[in-house]
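Engineer: Chains as they are written, first to last, in this note's numbering: chain A, 1 to 390; chain B, 1 to 390.
Any given hint might turn out to be false.
Stated by the list, open to error - What the simulated footprint calls covered on chain A by chain B, stretch by stretch (three residues with Cβ under 8 Å from a Cβ of chain B suffice, anywhere in the stretch; the number is not a length):
{"hint": "1", "segment": "1–15"}
{"hint": "2", "segment": "113–124"}
{"hint": "3", "segment": "130–139"}
{"hint": "4", "segment": "172–178"}
Hint data in this document are derived by calculation from the structure and do not stem from the laboratory. Glycine included, each C-beta is placed from N, C-alpha and C at the ideal position.
Number of protein chains: 2
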Amino acid sequence: MFPDAEYAARLRAVRGRMAEQGLGALLVTDPANLFYLTGYDAWSFYTPQLLFVPAEGELLLFLREMDANGAFRTARLDPGQIVGYPERYVHRPHLHPFDWVAFALRRRGRVAPAARGCVGLEMDSHFFSPKGYRSLVNALPEWTLVDAFDLVNWVRAVKSPAEIQYLRTAARVTTAAMQAAIDTIEPGVPQHLVAAQVARAQVEGVDDAWGDFPAMVPMLPTGASADTPHLTWSDRVLREGDAVVVELAGVHRRYHVPLARTVMLGPPTAELGLLEEAVASGLEAVLDVTAAGVPVRELASTWNWALAEFGLEKPSRLGYSVGIGYPPDWGERTISIRSEDESVLAENMTFHLICGMWMTGYGYEVSESIRITATGTEALTSFPRALIRK
Amino acid sequence: MFPDAEYAARLRAVRGRMAEQGLGALLVTDPANLFYLTGYDAWSFYTPQLLFVPAEGELLLFLREMDANGAFRTARLDPGQIVGYPERYVHRPHLHPFDWVAFALRRRGRVAPAARGCVGLEMDSHFFSPKGYRSLVNALPEWTLVDAFDLVNWVRAVKSPAEIQYLRTAARVTTAAMQAAIDTIEPGVPQHLVAAQVARAQVEGVDDAWGDFPAMVPMLPTGASADTPHLTWSDRVLREGDAVVVELAGVHRRYHVPLARTVMLGPPTAELGLLEEAVASGLEAVLDVTAAGVPVRELASTWNWALAEFGLEKPSRLGYSVGIGYPPDWGERTISIRSEDESVLAENMTFHLICGMWMTGYGYEVSESIRITATGTEALTSFPRALIRK
C-alpha cells in the first residue's frame, strides 16, 4: 500500500522513541498501530493479536491461526514473521493466547535480548485485556514491563504526503456520505432509513475513492436526545421541528475524515440559533489562530473565550488527532484540543475539530477535519458550515 | 425494551452465580453485558465504562460525563444510579477514569460491603484495559480481585421468549441482507459495491424489522483470498470463476443472527464441489443429533467424522453461542462447538454453526443460526444451503 521506504521510516521513528524510553522491545496490540507498522488489515482484532517490535532484529506478528494463514495478503512481512497460535487457545477459561506467544518468543530466543531494556506495553489499548497482560507478566518474569504511553500513536500524529493523499481521498467519501444524509433527512422518515443511506454511501464512495468501513457507525442524535452524542439510530420517525445531528466519517484504506453537521427540519428555536452563531464564531476564531508552531492550548483558550462571549461553555475537548482508525474509535488517542494538553502543532498533523454542544434537551454539532500547514490549515472537506435548514 | 420483570430475572440469575463464586461485587465492562443487565445502549464503549453490581443494593453505572447525561434514555436505571466521570480523565497519560470511579465508590460507602467477598472482574473483556485493571488494583487495596470468567455471558446463553422474538426479527434482516449480496454479486462488480448494498440492507431491514448496526462488517472473502476468513472488502473486481464467500448478520435491537453462504460465478472447481458436498453432509449430520440435553462435544465429533469421510478436517471450532453483540464480535464467548467444550445443550440456547473451510488458495462457507429446542433445532433463517451458482 505504501512503499517499503515509508514502512522503514515508520519503524525507524518508533525505534527512535523506544531508545529514548529505554525499551528493549515494544509489544503492539492496537490494530491501528499494527496496520501502521506492517499494513496488516483484517477484522481479526476480536481475538488477541500482538506485534513484537524488538529494538533490533526482525518483527514478529502473532495472530490466531486462521488469520495468520492469510495475513501475508495485507501485511508487509515475510511469511516466517507471521506466526499463528493454535485455535485451542481461543476463548478458553484458563488459557490465553499470550501464554503461547510468550513460549514462542522464548523458543525463538527473543526473550533474553529484549530484557536488556524494559519492554513497553500499550497498557490502555482496546483489545489488550488484563488477562492477556497477566499472562505476559507470569510467563516472562525476566521482563520489566512498562507502559509505553501510546508510543506508536504519537509517531502517527504527523502524516506523510502519501497519507495526506489517502485522507483527501477519504474526504470525498465523507462528502458523499454527508450529502446522502442531508438528502434523506425529511419529516416522516425514520432514522434507520437515513442511516442506511449513509452506510451505503460510506462504502460505495465516489469513483476511485472507494469506501472502507468506518470505525464508528453514523450518529444521528435527534431532537431532545441530541443532548448526548453517542446514541445510535432506531426507527424513530423524524418530525417537523427536529434538529438532527449527523456525525460520520468517510474512510479510504483505513484513513478517516470525520464530519458533523446539524440539519433543522423547520425553523430553529432561539436557543439553537444562538448555538449556531456561537459555534460559527468560535470555530472561525480557532481556525484563524491555528498553524504549525502554535500550542494546542491556545486553540482551546481561543475557543473558550469565543464561547464565553455568548455565555456558553463546552466541558469536553474541542477536537483530537485523527487518521487511521479501527472500531470502536477513529481518534488517535494522543493530542486532544483542550487546555490541559501540552502539545504544539506541527505541519501535517490532522485533527477533527468537533464543536459539539450537548445541552439539556437539545444539541448542536458542526465539525471540520483539518490538516495543519506551515501558515494555517487545509480543510479536508468543503461543506458549508451553517445549520442546514430543510 | 424488555419488561422490568425480565431485567429483574437477569439480575437474580447473575447474583445467584455471584453467590456461588463468593463474590461481594461484580464489575461489568463488556458493553453486551451492560446492555443485558440495564438496557444501556450507545456507541460510548471506546471510553471506559463500568457497571458496579453489588451482591445486594443498587447498581451503579459509571460513564464518561457526556454519555452519562443521556444514558437514562436507554438504561433502565434511576438517574441517581448513572454517574459521569469528568472529561479530564479521558485519554490522559497518568490518569485513568477508574481512578475516579474507585474514589466515587469509596465516597458512596460501597467499597467495604463489597470487600466481604471477592470482587469479580471481566478479565478478558474488550474495552477493559490493563491500565484500568491496575488503576482498580491500586485504588482498592481492600478488594480481592478475581476473574469472574464471563459470568454474565454465561447467564446470557439461554434466551427468554422475548429475546427469541428479537432474534426472529433479526433473522428477517439477515435474509434481506443476504439477498442483497446475492443480487449484487456479478462478474465485473467491485467488492465494495456489494458491501455497500449489504450495509444498506442491514440497516434498512424489512418493514418493522428495522436493522441495528452489526458487530462485524460484512465479510466477502473472494477467490484465492477466501483461504482466510477476516479480510475486509476493497475495490477488487469480481471475476468469472470467483467463489465469493458472504458472511454477515442481521441485527435487531442488538440481537444478531449471522449467516454465511458462498456464491460461485461460473462453474465450481472439483475441490469446491467436494467442499460443498462434505459441508452439506456434515451440517445435516450435526443438525440431526442436535437437541437439548446433548453434549456440545457430540456435535463436534459428529462433524469431524462426517468431514473425515471426505478426507477433510477443520481445525477451528464449528460454532459458538450468539445473541447480543457489540463491535468487534457477535459471539458470546461462552460455548464453542468443539471437542474441548464441556457444555451440554439446553433449550433456547442459540448458536451460529459456521462451516467455514479455509483451504490453501480457496475457501467455502455455509452457516446456520439455530435455536435449540427440546427435540431438535429451529433454524432462524431458511436460506437454501447449497453453493449459490450465478
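Engineer: Please write out, lowest number first, the hints stated earlier that are contradicted by the structure.
Structural biologist: 1 and 4
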